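Could you build all of it, start to finish, from the sequences and the hints given here?
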Amino acid sequence: MSNAGKVLSDAPILETRGLTVRFGGHVAVNAVSCAFHRGTLTAIVGPNGAGKTTYFNLISGQIPASAGEVFLFGENISHLPAPLRTRRGIGRAFQLTNLFPFLTVHENVRIAVQARANVGIKLFSLWNSRKDLIGKADAILEEIALAHQRNVPAMNLPHGDQRKLEVGMMLALEPEVFMFDEPTAGMSVDEVPVILDLIKRIKASGGKCILLVEHKMDVVRELADRIVVLHNGTLVADGAPAEVIASPVVQEAYLGVAQKTKEAAR
Amino acid sequence: MLANIFSQDLPRSKVLTVILVVILAGLLATPFIFPGARSLNVGAKIAVFIVLAASYDLMLGYTGIVSFAHTMCFGIGAYGIGIASTQMGPTWTAMAVGVVAALLLSTVLALGISLFSLRVRAIFFAMITLAVAAAFMTMASQLSDWTGGEDGLNFKVPELISPAFSLSDEKFLGASLDGKLIAYYLVVVVSGGLFLLMLRIVNSPFGRVLMAIRDNDFRSEALGYRNVIYRSLSSVLAAVFATLAGILYALWLRYNGPGTTLSFDIMIDVLLIVVIGGMGTLYGAVVGSALFNIAQGYLQDLLKLAHGNIDTIPVIGALFHPDRWLFWLGLLFVLSIYFFPFGIVGKLRAGALARKPTAT
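Chains as they are written, first to last, in the working numbering: chain A, 1 to 266; chain B, 267 to 626.
Note that these hints are calculated values from the structure, not bench results. The model shown is predicted, which means the values in this text are computed figures rather than measured ones. A hint or two may mislead.
[Said to hold, decoys possible] For the chain B half of the interface with chain A, some residues (derived, Cβ under 8 Å), not all of them:
#, residue
1, 273
2, 274
3, 278
4, 299
5, 359
6, 472
7, 478
8, 481
9, 487
10, 490
[Claimed, not checked] Here are some, though not all, of the chain B residues that point toward chain A, as calculated from beta-carbon distances under 7 Å:
#, residue
11, 466
12, 467
13, 469
14, 470
15, 474
16, 482
17, 485
18, 488
19, 489
20, 491
21, 492
22, 494
23, 580
Note that beta-carbon positions come from the ideal geometry of N, C-alpha and C, so glycine has one too.
Right, here's the structure in full:
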């Protein structure tokens with residue numbers, strides 16, 4: 001990165017202004033305005049159904065917004081379809097694993113590497129002849145500790161490895177904005193550190209903007225510089241982790257609800 | 267070298283390799299080991315249907331889109347040659363005009379249908395292709411001044427590949443060296459070349475994106491691929507190859523009519539060839555086409571032979587009556603789909619993989 005040494009500018013990489021989506025009468029995300037800066041990791045938390053994943057979908061373009069705008073590097077990208085947002089630098093790892101089941105682990109990553117290199121329309125060159133792209137995909141497999149599963153079809157992977165592959169495909173895109181949607185969900189205890197270390201490394205490399213939806217509060221405390229709380233689609237708190245976790249609004253909206261549901265369960 | 271000709275997508279199964287070599291050798295040697303118009307016809311048809319089925323597989327097996335307008339493109343190719351020959355005379359110029367016009371029309375139609383319907387949903391595309399193909403078929407039979415209507419067109423081809431042309435009066439290995447022989451080899455060699463070209467396309471970076479779209483179109487979009495462009499390009503390529511297959515078929519038959527290239531019966535045949543051979547393998551088209559056309563061409567004879575020996579037995583004799591050949595063909599297909607859900611090629615490759623699990 002040539003601009004890595006530059007002073008981090010104050011202009012946000014990613015910003016949403018009044019972002020709203022309605023499904024029928026239900027407002028899933030309600031006028032969320034938020035800016036995300038270079039070199040920061042923002043955790044987005046909130047109870048189930050708070051609209052976290054929907055907010056992600058609005059940013060990366062999987063769902064069109066009913067109102068409001070998304071800005072990337074100051075450019076309004078609200079009108080762009082998902083593929084073009086990805087090409088401009090938004091990377092996304094999905095909550096429900098979203099792979100190419102009949103392609104091998106290596107091919108899954110390779111497809112993403114190729115998307116980044118923009119060689120998809122090459123009709124008459126050989127897939128196997130691009131040693132540079134193959135090498136890049138292999139390097140990513142090393143990074144996510146999946147090199148030993150290289151030639152296994154993605155559908156035959158255990159769940160934890162599928163989650164890792166999901167993250168690996170986002171890495172291959174070399175995005176400016178990393179969006180992790182519960183990256184460790186359903187992973188066994190000894191697999192979780194692989195992903196957490198990876199997120200830490202991305203953060204340490206600086207210059208990137210990371211958004212993380214996560215339920216595990218210990219993970220959030222460990223990684224986040226900032227916490228944004230969504231509740232019923234509305235942004236209810238935004239600030240430094242200690243501050244946000246202590247604030248009464250959050251206790252009421254998030255932890256309070258969690259406690260009530262626990263009581264109800266009893 | 268050899269691996270590159272096959273785009274590094276080798277059969278990956280000894281049995282399959284043997285079958286493919288036998289089919290290729292059989293096609294090349296047919297004029298000499300099975301002389302006669304009928305065996306040549308079956309051989310040429312196998313070659314043409316390899317291209318036709320492989321191009322359909324490009325769409326169905328590799329991209330995951332279902333089209334019913336594939337034989338329309340096949341027909342456009344054949345009509346291109348037929349109409350050019352009847353209107354302009356059997357010259358090479360006329361053939362070239364027919365080829366170019368047919369390719370243009372197919373491309374425009376395929377692109378139009380794709381851009382119009384592929385943004386929505388793949389199922390919508392299937393319905394539109396059905397409608398367009400039906401309309402085209404009606405048009406072909408109505409514009410009888412040009413197309414010969416339901417009767418079709420009998421036309422001449424350039425002298426070099428017409429039966430009247432003779433290289434030598436002497437016979438070579440029992441085959442007469444005439445234009446028909448040249449036409450046969452033209453069809454077989456060009457078909458082989460087109461097949462290798464398609465093999466290259468499915469093993470290119472583009473081909474892998476098609477497979478990714480087939481597997482998970484939501485994710486391919488999320489990675490930055492615009493599915494509509496890839497799907498449209500896939501359907502245009504398939505249309506172009508189907509048109510070329512139609513051109514070869516017309517040059518070979520010197521006849522074309524709705525029942526020969528356009529009908530939905532042929533659409534079903536192509537679908538069966540692809541499914542029996544193995545979707546998404548391309549080699550499946552070769553195996554499927556050979557099996558299907560040989561069965562279609564010779565099953566009736568085989569039954570006649572069998573029937574001659576057992577026609578005295580009441581029920582079984584009737585079952586083996588030569589008129590029942592379609593029943594046996596149908597049974598063959600039901601059984602092969604039951605036992606080989608991933609097609610013959612899929613089965614053979616899975617078997618080869620199971621025998622040496624460490625190989626990659």
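Here is what the structure says about each hint:
1. 273: At about 6 Å, which falls below the 8 Å cut-off, the nearest Cβ of chain A leaves the hint on residue 273 of chain B intact, so it holds.
2. 274: Holds: closest Cβ of chain A sits about 5 Å from residue 274 of chain B, inside 8 Å.
3. 278: violated, 13 Å
4. 299: violated, 35 Å
5. 359: Hint on residue 359 of chain B: violated, closest Cβ of chain A at ~29 Å, above 8 Å.
6. 472: Holds, because the Cβ-Cβ distance from residue 472 of chain B to chain A comes to roughly 5 Å (cut-off 8 Å).
7. 478: For residue 478 of chain B, the interface hint holds, since the closest Cβ of chain A sits about 5 Å away, which is under 8 Å.
8. 481: holds, 4 Å
9. 487: holds, 5 Å
10. 490: Hint on residue 490 of chain B: holds, closest Cβ of chain A at ~4 Å, below 8 Å.
11. 466: Hint on residue 466 of chain B: holds, closest Cβ of chain A at ~6 Å, below 7 Å.
12. 467: For residue 467 of chain B, the interface hint holds, since the closest Cβ of chain A sits about 5 Å away, which is under 7 Å.
13. 469: holds, 5 Å
14. 470: This hint holds: residue 470 of chain B lies near chain A, its Cβ roughly 5 Å from the closest one there, short of 7 Å.
15. 474: holds, 5 Å
16. 482: It holds, given that the least Cβ distance between residue 482 of chain B and chain A is near 5 Å, below 7 Å.
17. 485: holds, 5 Å
18. 488: Holds: closest Cβ of chain A sits about 6 Å from residue 488 of chain B, inside 7 Å.
19. 489: Holds - the Cβ of residue 489 of chain B comes within 7 Å of chain A, reaching about 4 Å at its closest.
20. 491: holds, 6 Å
21. 492: holds, 5 Å
22. 494: violated, 10 Å
23. 580: Because about 50 Å separates residue 580 of chain B from the closest Cβ in chain A, which is outside the 7 Å limit, the hint is violated.
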